[in-house]
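Peer 1: Chains as they are written, first to last, in this note's numbering: chain Z, 1 to 220; chain Y, 1 to 105.
Simulated from the structure, these hints should not be mistaken for laboratory data.
Bear in mind the structure is a predicted one, so any value in this text is a computation, not a measurement.
Glycine is no exception: its CB is placed at the ideal position from the N, C-alpha and C atoms.
Check each hint, because a few of them may be wrong.
To be verified - Selected chain Y positions facing chain Z (in silico; Cβ < 8 Å):
1. HIS11
2. VAL20
3. SER32
4. LEU39
5. LEU42
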Amino acid sequence: MNEGTGASEGIGGELGMAAETDLDARGAAVIMREAGERARRELTVNRPAIFVAWALVYLLGYGTVWLSVRGQQPYDAPPGWALALLVVLAAMGLAVTAALTDRAASGVGGATAVRRRVYYLSLAIGWLGVVTMQAALRSAGASRGVIGILSASSPLLVAGVVLVAGTAAWLNWWMFGLGIWLIAVAAFSGFAGPAGTWAVDALAVGLPFLLLAGLRLIRR
Amino acid sequence: MSQDGLDPVIHAPARLRLMVTLAALPEGDHLSFTRLQDLVGLTPGNLISHLRKLEDAGYVRTDKTGGGPSALTTVSLTPGGRAALDRYTTTLRQILDTARPGRVP
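Taking the hints into account, I'd like the entire structure generated from these sequences.
Peer 2: Structure (structure tokens):
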């Protein structure tokens, strides 16, 4: 998640193509600008694409699950086909995230690579933990409604906490804000009931992700 | 230093590109030789030659791990190299500001 140091930022922006020979100050400025832009573009993870991928997971995946359970009185569980669609979409989101991260991180080593591995490992362990906890609650006799709320919101809670904790390593305050938002959505969406939780999570996560993708594209 | 105050070790197209590319990484990170080659578009021979000059000046550090076909060479900017690039950037800004049309000397 390299943001670059910007050593050449702002230099040579108005200048033409670099001369490869007989380097003068203007040519040097152009080389700095072009090399800096290329390095930042190639070494930075394409976050807008990742945000769009996860926005689709929430809007389509969670949205479909909500449509499939909204008429259930009392709440039972999402049908297999809706959960299967959600799993497929989540797998696609993970695949897009992994591919874009690998592309930027290829050949890069050192502290950033270690932080990135710990970050993704934390997410995986957290998600594994909440899935296990759901099984434990089910075996302890928790109602289907409780399991429904937990299934929808606990992955968000894990992602939010990892993002907030990750701010200590990355010092990226957008991560902190997003993490706080995900924790808040996970914490409060349950008040919409087991069926409504899926709808609240779909909109409260999917739409901000689309907004963030748009904002980051504009910033580029 | 050259006549205009620009560090001659950095003030060459290929080496300038190398320094700026490595400076895009946070401190403490390094790039593999092959990824660096891909980013700056130099042949392996040219890249080795320019890296040697930068390494002799203490601006970059190369490390080799492993042996045989799995050997991996990594390149990183040293703190001294980052400081040298900052000085180069400052000097370049001053030169460009002075040369800007309409400026009274």
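Peer 1: Look at each hint and say if it fits the structure.
Peer 2: How the hints compare with the structure:
| no. | hint | verdict |
| --- | --- | --- |
| 1 | HIS11 | 6 Å, holds |
| 2 | VAL20 | 4 Å, holds |
| 3 | SER32 | 4 Å, holds |
| 4 | LEU39 | 6 Å, holds |
| 5 | LEU42 | 12 Å, violated |
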